[in-house]
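Chains as they are written, first to last, in the UniProt record's numbering: chain U, 1 to 399; chain S, 1 to 399; chain H, 1 to 399.
One thing to keep in mind: the hints can contain errors.
It does not matter which identical chain is used: a pair holds within one copy or between any two.
Said to hold, decoys possible - Calculated lysine to aspartate or glutamate pairs in the DMTMM-like style (CA-CA distance at most 20 Å, straight line):
#1 K308 with E132
#2 K189 with D258
#3 K12 with D399
Quick caveat, the hints were computed from the structure, so don't treat them as lab data.
Each chain, written out:
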Amino acid sequence: MEKIESIIKELKELNIDLYNKDWLRTWDMTQEQIEGTAKIALALEALYKENIDCRVFQNGSLGVSQFRDNSTRTRFSFASAAALLGLQVQDFDDTKSQAAHGETVREGANMISFLTECIGIRDDKFVGEGHEFQVETAEAVQEGFDAGVLHQRPSIVNLQCDQDHPTQAMCDLLHFAKTYGGLDKLKGKKIAMTWAYSPAYGKPLSVPQSIIALMTRFGMDVHLAHPEGYDLLPETIEVAKKHAEESGGKFTVSHSMDEAFKDADIVYPKSWLGYNFAVERTELLRKGGKDFQEKLDELEKRLLEGNKKHIDWECTEERMKLCAPDAQWCHCLPCDTTGLNCEHGEVDIPTFEKFRVNSWNEAGNKPWAIAAMILATRFKDPAATLEKIVERDAKRRLD
Amino acid sequence: MEKIESIIKELKELNIDLYNKDWLRTWDMTQEQIEGTAKIALALEALYKENIDCRVFQNGSLGVSQFRDNSTRTRFSFASAAALLGLQVQDFDDTKSQAAHGETVREGANMISFLTECIGIRDDKFVGEGHEFQVETAEAVQEGFDAGVLHQRPSIVNLQCDQDHPTQAMCDLLHFAKTYGGLDKLKGKKIAMTWAYSPAYGKPLSVPQSIIALMTRFGMDVHLAHPEGYDLLPETIEVAKKHAEESGGKFTVSHSMDEAFKDADIVYPKSWLGYNFAVERTELLRKGGKDFQEKLDELEKRLLEGNKKHIDWECTEERMKLCAPDAQWCHCLPCDTTGLNCEHGEVDIPTFEKFRVNSWNEAGNKPWAIAAMILATRFKDPAATLEKIVERDAKRRLD
Amino acid sequence: MEKIESIIKELKELNIDLYNKDWLRTWDMTQEQIEGTAKIALALEALYKENIDCRVFQNGSLGVSQFRDNSTRTRFSFASAAALLGLQVQDFDDTKSQAAHGETVREGANMISFLTECIGIRDDKFVGEGHEFQVETAEAVQEGFDAGVLHQRPSIVNLQCDQDHPTQAMCDLLHFAKTYGGLDKLKGKKIAMTWAYSPAYGKPLSVPQSIIALMTRFGMDVHLAHPEGYDLLPETIEVAKKHAEESGGKFTVSHSMDEAFKDADIVYPKSWLGYNFAVERTELLRKGGKDFQEKLDELEKRLLEGNKKHIDWECTEERMKLCAPDAQWCHCLPCDTTGLNCEHGEVDIPTFEKFRVNSWNEAGNKPWAIAAMILATRFKDPAATLEKIVERDAKRRLD
């Protein structure tokens, strides 16, 4: 309990100021909002371990999850986070109304929100759309709240968009803070955010974008490496540069996996679809038309052929020797492991096996990160709310 | 809290008598049952606003929702209502067993009810079936309860059938009561329940039927207007006539939208499939056979062509001028707005925009209406139960 | 409440020892574990009837249900059990990743378990797979728990595998105990577990296997009867023999329904696919290939033709006369009733109607059986936990 009290004390020093707002992109957040959210996550995890009931919603209000793309990990993390805080989870499946924009979004968002405290949204399929959709939803519930239609203003939590994947990045940040002894211990640590080969060529760009944008804020030495043509969204590169400058960190982009791994404390090798290809695919999908499938097949063929040229972008035991001693392999999971679930993949078996449990621990931060985002956006004074949880001292299990 | 206490006081005067019964059609209810349910809804909403925990089921018993037709609004309203009262929502998807009648229904209803307090059912696809299915389910759980198989008798709540849509009508009733200052202020108000053109020709008849049947009870001047051939279920016309007579209200049927709008306080223009067509379609679907699709296509073509002749049945800014001053446009949502989500629709943009928030407020009553139906059917003395909620004074949020 | 206290007293005498373990197959359990689980089920049912809140998880932790085959009855029983104990149910649908073995299972099991207390799994489609999958999942969460990834060790509850259907068998055991006045009153009672004809030829073997394995432990006279070729999994026959020897019961296998019915106290006639056919079908499905569908059609044709030869394996009013007086018909439901939902089925209408409510009562034990399995595996001292529920004396409903 000492640990919890010390976290709450630290929280009181921070101006979190997220009440009735949303948790969309880390780069829209102040440093205090980021750190505050991280600390709330740590406090909730500690309370759970102490068998303390953390329900702050005591009426089974709804936590709505809207997955516009498949998900297991994030789905269960959101459900766990919602349950932890006392929300009942309801899935909102709007996949049938593909072109859900404009009036449909505005109205739909309000119709599901009469007793809703939070809407978690994953919408990462199309470049230029996911973030926009979340903003549109947030504006819709704001309008409903301002007009008195909604008795509370549900917060929108970004469970992955085309630009950012903040629940993943925050979960990784928590993992690094635990590994190295605190958020203030990350300064100077080198992280290699690198592309890696995978037979599945179309993975989202939001993970690498979220990592370079967030880790640069903590003074880390962030090295982004990918083959030519596998660029990220240009805006996120600008964000990373600016953050590195402000924090006294470093941000490098190269086309060499080895250079990135050199003396790295953390390597994060994963596959993604290059930005230009993502744009091309999005345009194809949007345009449709007669020869649509033909063109999509042609693009896929081109992508797979291009991909194959970079089969050597693999995280191997050998390559890990380039890193600093005690370097760790990280991944958002699930990953493609050579010889385990594919012929050639992002990582070899020895590396994967060595860090398998580490990567599970990494993932284990996600429920707390999401719960923290909900609590931060739904309560005026999160430190005071946590104090009330401690004071109430209700038990989580009837042991 | 004064407001709540005054509602509870009024409730005590009413003989609600719905314990261990169902909430199926408004016209099976006494006036006191209707008013009682409305007042419970208002009390629950007021308690929620006061941050009071309204859970009356304190063991996570189940609230089962059985949607035999798609739904977003009603689905979330039911989930919200169930959560508000402390029930855990479970969806029962029996769509695979299309011909779920007889033994299947009798057994299935009991098998999902061992710890269930309420089953909400939407079954509005086929004329002559939806209500029957709900009655069958109610009889099945009654048998299980009487035989001691079920430890409690789950109540069936009609979330829309082929005849009535009571959660919508009650939600509208609450909206009118709020607009005009009370249920007793509705007498003499004119409501135009009119057909309107929509490119989607097959919308259910239950909404207009539920409106004419319920609003006539409150002494309203109900004007039903539709093109020739777009009749409602004859029995509901009889119900509306009888109610108007009994309440001193008025019930008129015409084939003129303008006549209906003349001096109206409320207009409710929406598309529906004419009763005869609904019967024809149901018979086609039931019969199946070789040339089934051909016949269905032929019917659809005929319906669309017929529909097009009435493209002028639109609620326009111009037409609204026929109404009384301060007249309001209502809709069960989602609606088809000309130039917004279709080329020609039920309403024009200026009218839609003017009353958009009003229509959201209208919809916002649905969770409270459903929660009231559950509470009224599951507790012997709803006024006493509400009093206990007030006395307990548990907080909904840990603020 | 006296009844509850007496059950708790009996429970204290038993060494249940299931904490942080799984509930997979009855034959892996000691007699005390079986009896202990049964008594917990009876205690929970009694508490529910007394309007006592039974939530032992007070933080909305997750109860995950993973149905790799369709289910209504067991799905709702699991949901009810989870809700009763305070868990929020989340479905884990992994049907898309058909070949979910190896790494996928190991990782997936941990990823859904960060705040999960229990995972209920149905996986009964393929001989030799279902139980293995459950063991694999259990080992995965054990590894995660040992490594500190999971803060609690979710228990796996078998909701039907290829070998056993313990929630059904335990539910039947409870039914028999209630019918005859206690678990100690089953000795010598004859149960006829017989095959019966059904137009659906492919029903799982787990129910008959679970019945012969469990009921032989209680000294019952278990008579298994089926046409030639409709064998059960050989291992389960061995288990039944051994149990009968140990308990002083009896285990007979014959090919005569009449012989089985002779003087039986309980008859349990139901259809299943013979073991050899199940193996053949599994191999076909696993192998796939070009002529796969052709071969499957051929097998199906052969099975249906073979089945038809045994159309006289029906539980009829006439045949029931062979039984002891007061004999009862049991079934796991849903069943195929001649002239009701099929032309020729497992049972005739008079027998079905006579015992319909009895079979519903039989099924009604399932939620309590599942809840008991969860409580037994998640709490160190279930008797003490039940005592705390009694002492807390919180009400289930605000009556």
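Hints versus structure:
| no. | hint | verdict |
| --- | --- | --- |
| 1 | K308 with E132 | neither (33 Å within a copy, 36 Å between copies) |
| 2 | K189 with D258 | within (17 Å within a copy, 74 Å between copies) |
| 3 | K12 with D399 | between (32 Å within a copy, 16 Å between copies) |
Comparing the model with each earlier hint shows a violation of hint 1 alone; every other hint is respected.
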